[in-house]
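Chains as they are written, first to last, in the UniProt record's numbering: chain G, 1 to 258; chain L, 1 to 258.
In short, the hints are calculated from the structure, not lab data.
One thing to keep in mind: the hints can contain errors.
If several chains are the same, the list does not tell them apart, and a pair holds so long as it fits within one copy or across any two.
Pairs of lysine-lysine, PhoX-like flavour, derived with a Cα cap of 20 Å [to be verified]: (1) Lys229 to Lys98; (2) Lys239 to Lys229; (3) Lys193 to Lys154; (4) Lys110 to Lys98; (5) Lys100 to Lys110; (6) Lys245 to Lys182.
Protein chains: 2
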Amino acid sequence: MKQLLRLIFLIPCFAFTQVNAAKYVCPPCNHPCDSTTYDQPGVCAHCGMTLVEKNQQIVKDQKITVCFYLYDGVEVLDFAGPMEVFSYAGFKVITVAKTKAPLMSQGILKIIPDYSIKDAPQTDIFAVFGGSDDVAANDPEVISWIRSRDGATKNYFSVCTGAFILGKAGLLDQLTVTTFHKSITNLQNAVPKAKVLQNVRYVDNGRIITTAGISAGIDGALHLVAKLKGKEVAEAVAKQIEYDKYIPEQGMNLSPQH
Amino acid sequence: MKQLLRLIFLIPCFAFTQVNAAKYVCPPCNHPCDSTTYDQPGVCAHCGMTLVEKNQQIVKDQKITVCFYLYDGVEVLDFAGPMEVFSYAGFKVITVAKTKAPLMSQGILKIIPDYSIKDAPQTDIFAVFGGSDDVAANDPEVISWIRSRDGATKNYFSVCTGAFILGKAGLLDQLTVTTFHKSITNLQNAVPKAKVLQNVRYVDNGRIITTAGISAGIDGALHLVAKLKGKEVAEAVAKQIEYDKYIPEQGMNLSPQH
């Protein structure tokens with residue numbers, strides 16, 4: 001009886017200990033440390049991000065998803081800059097191509113996409129990039145697939161001549177947009193119903209963001225992070241990736257919510 | 001006899017016409033337009049680079065070669081920034097990993113390397129990048145392979161925590177170097193014979209260039225292009241990739257030739 005009473009007395013103490021044994025994790029960063037748990041708050045020894053309580057992180061794990069549509073001849077920095085930014089912002093990035101066959105980026109980097117257009121899941125954001133963009137823009141099957149996802153796509157994001165692909169899908173009509181500095185006139189001709197601007201780092205129309213060429217994708221991606229997760233998160237990502245040259249709100253924001 | 005004389009007279013004219021039928025090509029940029037020939041000077045319709053005479057290009061085709069050593073967990077922007085820069089500067093980039101098995105960059109991008117350490121050709125420049133750098137730095141076989149190439153390697157180039165790999169290969173002793181901003185102390189402890197600086201975009205020791213974290217690889221790569229091919233080429237590449245934020249000579253140049 002005495003032992004039973006002791007046990008009854010101990011149960012709440014044990015339960016209390018369990019509740020208070022907070023565990024800490026880094027915000028999701030797509031590095032192996034995503035699965036590391038720490039007993040104390042502080043910074044992650046691997047990625048250097050400030051740790052958060054594990055329970056908080058579970059809520060944050062409802063990640064924003066992004067489809068990176070890739071193709072033979074896609075420009076490497078066009079997609080890698082935003083991939084780095086979205087990764088540190090905790091977005092879940094998937095790569096998709098027309099088929100799952102390996103493709104070459106810039107004639108150098110051989111990539112195996114995660115999905116083809118036959119089995120790619122829907123994502124919150126659809127992102128396209130420049131390079132040999134006509135490989136995608138002139139492929140009716142790809143354009144039709146992009147259109148078929150439109151209802152569930154919350155945001156579009158293009159870097160450089162990736163804008164030609166969105167234009168071909170009819171997404172840029174009536175919008176103010178931008179592209180690679182040497183393709184301004186070509187895009188204006190291709191999408192006469194859009195207003196194509198030069199000398200702007202990115203243009204945010206609310207649902208659709210288009211950026212200038214190649215490295216401008218980094219700025220556009222940071223802008224999208226600021227828009228969806230807050231300025232502080234974008235600034236933390238810029239600091240993490242040592243993009244000291246980040247100038248918040250450097251582009252043109254025509255977003256109705258702005 | 002009259003006809004023979006006419007023929008003799010015409011031969012040099014014909015030869016002269018041939019010599020002057022100049023063809024124009026874009027500087028090598030690893031895009032499909034590398035094989036396009038134009039009859040007139042101007043700019044390449046695809047990549048927008050200023051055309052050069054084909055004969056000049058043949059001389060330039062003796063390309064500087066770069067080995068991009070990749071591994072599971074390599075940071076995507078670390079290597080993609082320099083890959084973009086070197087590509088437009090006309091360097092020939094190859095990717096090498098320990099084996100030819102696909103590897104994951106940042107847990108997102110699946111890459112098939114061109115070569116393994118068993119069959120990779122020698123290159124002028126050896127480049128390493130950050131991320132899960134201990135995968136390479138703690139692999140004696142990889143470190144031994146890097147050392148075995150040392151005699152024929154003209155330049156080393158590290159981005160971010162890629163410096164740990166060069167350090168493990170004994171290449172940073174007695175040098176002033178840099179790395180990812182959160183790894184300054186760790187690198188100093190790992191390579192006590194080096195002087196590890198913070199708050200510097202890159203450090204050029206002549207043969208070995210180390211850069212700060214992630215996006216700083218773009219600046220370091222542009223510096224290496226300026227060093228090997230001239231400031232004008234680096235500025236043209238920065239303009240092409242719309243890296244308007246490029247500040248020439250932003251890093252620390254300790255190169256003896258400087």
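Here's how the hints hold up against the structure:
1. In this assembly of identical chains, Lys229 and Lys98 lie within 20 Å of each other by CA distance neither inside one copy nor across copies; the values are 30 Å within and 38 Å between.
2. For the homomeric pair Lys239 and Lys229, the shortest alpha-carbon distance inside one copy (16 Å) is at most 20 Å, but the shortest distance between copies (31 Å) is not.
3. Within a single copy, Lys193 and Lys154 get their C-alpha atoms no closer than 22 Å, and across copies no closer than 53 Å, so neither meets the 20 Å cut-off.
4. For the identical chains of this complex, Lys110 and Lys98 are neighbours both inside a copy (15 Å) and across copies (16 Å), given an alpha-carbon limit of 20 Å.
5. For the identical chains of this complex, Lys100 and Lys110 are neighbours both inside a copy (12 Å) and across copies (11 Å), given an alpha-carbon limit of 20 Å.
6. In the homo-oligomer, the alpha carbons of Lys245 and Lys182 lie at most 20 Å apart only across protomers (18 Å), although the nearest pairing inside one protomer, at 23 Å, exceeds that limit.
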